[in-house]
Structure formats: C-alpha cells, structure tokens
Amino acid sequence: ETGVTQTPRHLVMGMTNKKSLKCEQHLGHNAMYWYKQSAKKPLELMFVYNFKEQTENNSVPSRFSPECPNSSHLFLHLHTLQPEDSALYLCASSQIYPNGDTEAFFGQGTRLTVV
Amino acid sequence: GQQVMQIPQYQHVQEGEDFTTYCNSSTTLSNIQWYKQRPGGHPVFLIQLVKSGEVKKQKRLTFQFGEAKKNSSLHITATQTTDVGTYFCAGPGLGTYKYIFGTGTRLKVLA
Chain A
1 ETGVTQTPRH
11 LVMGMTNKKS
21 LKCEQHLGHN
31 AMYWYKQSAK
41 KPLELMFVYN
51 FKEQTENNSV
61 PSRFSPECPN
71 SSHLFLHLHT
81 LQPEDSALYL
91 CASSQIYPNG
101 DTEAFFGQGT
111 RLTVV
Chain B
1 GQQVMQIPQY
11 QHVQEGEDFT
21 TYCNSSTTLS
31 NIQWYKQRPG
41 GHPVFLIQLV
51 KSGEVKKQKR
61 LTFQFGEAKK
71 NSSLHITATQ
81 TTDVGTYFCA
91 GPGLGTYKYI
101 FGTGTRLKVL
111 A
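Residue numbers (the numbering used here), protein chains in the order written: chain A, 1 to 115; chain B, 1 to 111.
Some hints here could point you the wrong way.
[What the hints assert, rightly or not] Below 27 angstroms or equal to it, Euclidean Cα-Cα: the simulated DSSO-like pairs (lysine-lysine) are: (1) K41/A - K59/B; (2) K40/A - K18/A; (3) K36/B - K40/A.
Don't read these hints as lab results, they were simulated from the structure.
The whole structure should be built from the sequences, with the hints applied where relevant.
Here it is in structure tokens:
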C-alpha cells in the first residue's frame with residue numbers, strides 16, 4: 001500500500017549495540033524525514049533531507065546518526081541508545097514544490113525497544 | 001519555538017455521534033494538513049487547507065481553516081467504527097517543508 005518501506009519493522013537492542021534503520025521511497029520524492037513517535041511526544045521531527053542534503057537536525061542527540069546516500073534511501077544509525085529512546089521511528093518522504101506545497105507519505109515504522 | 005496543540009487529547013463517542021477536534025498554532029500558518037493514524041498503523045494524509053476561512057469536505061469529514069490561519073478543525077458527522085484512530089494536524093514551521101505536527105486527538109468509537 002505505501003510507497004515508503006521501512007526495515008526492520010521491529011527491533012530490540014541493548015544499550016551497547018549498534019544498529020541501523022533503513023527507509024526506501026519509491027515515489028520519486030525529493031525530501032525524506034525521520035520522525036520519532038512516543039507516548040510523550042506524538043510525532044517529533046528528527047531530521048530532514050532535501051535533495052540528499054540535511055537541512056534540519058532538530059536537536060537530536062548524537063547517538064542518532066542519519067545518512068542519506070541518495071534521494072531514495074535514508075538510514076538512521078543507532079549506537080549506545082538509552083531505554084527512553086524506545087519508540088516508533090517513522091520515515092516519511094514528500095515532493096516539495098516551489099510554492100512550498102508538500103504532502104508527507106509515511107512508512108510503516110520501526111518499533112524500537114532498547115533494553 | 002512554534003507549537004501546534006490539539007484538543008481534546010482523547011474522545012470517546014457512541015457510534016452515530018458527531019466528533020470534532022481542534023488545532024491551534026502559536027504562529028500563523030501558510031497552510032495546514034490533516035493526517036489520520038489507525039491503531040498500529042502509520043499517519044496517512046487526509047487533506048491540505050491553504051486559504052483563510054477555507055472549508056473542505058470529504059464525505060462525512062469537514063475541515064476548516066480559521067480566518068487568521070492559526071487554527072483549524074476537523075468535524076466528523078455520524079461517526080462509524082472505521083473512524084477510530086488518532087487525528088493529527090500539521091503546519092509548516094520556519095522552512096516550508098518542516099511540518100510541525102499537533103499533539104493529536106485519539107478517537108474511540110463505541111458500537
């Protein structure tokens with residue numbers, strides 16, 4: 001159904017592990033996003049990439065490291081996370097038009113649990 | 001910083017009753033979007049409003065953008081169990097593609 005695919009769907013990791021979340025969009029969009037969704041903050045923007053360039057880092061801790069090798073792929077590298085980082089991580093893409101119009105398409109999300 | 005708040009946070013209604021969620025931004029918005037997230041699902045785009053005072057309808061859903069372009073509402077007439085989910089509004093922040101999502105309203109419909 002969705003043109004944005006995220007893997008894995010579920011991830012359990014220890015605080016000393018290193019893991020990566022992957023996102024791929026098949027919609028030809030020029031912008032990609034990472035959002036964190038938790039009970040405390042429903043949809044919190046983490047990173048924005050426009051034409052592969054990071055244009056936004058919403059004061060995210062350095063233990064989260066994004067990578068956007070091309071306009072279709074987005075990664076979120078995780079290392080030394082804390083239990084409070086457990087959340088649903090959503091990737092989204094959109095086509096940004098010159099007038100600023102855009103509509104976000106979300107992936108299914110990765111449910112992350114840090115133990 | 002810019003904030004987008006929604007009320008109520010939760011709403012339980014009997015099937016057939018109406019439902020309204022309100023969205024308020026701390027700053028004027030160039031446009032506002034609405035999304036729906038079903039339980040266990042991901043947000044799905046519903047609609048975008050651009051003009052001051054604009055009203056759009058999608059079947060039983062009515063969306064309105066305030067005259068001052070700082071608030072918006074979503075009204076559902078005669079709710080059905082398929083309307084269950086969390087409804088988010090979103091408005092652009094400093095950059096036109098940096099959308100700030102509202103706190104969401106979780107709707108439960110009792111059959």
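Q) What hint numbers does the structure not satisfy? A) 1
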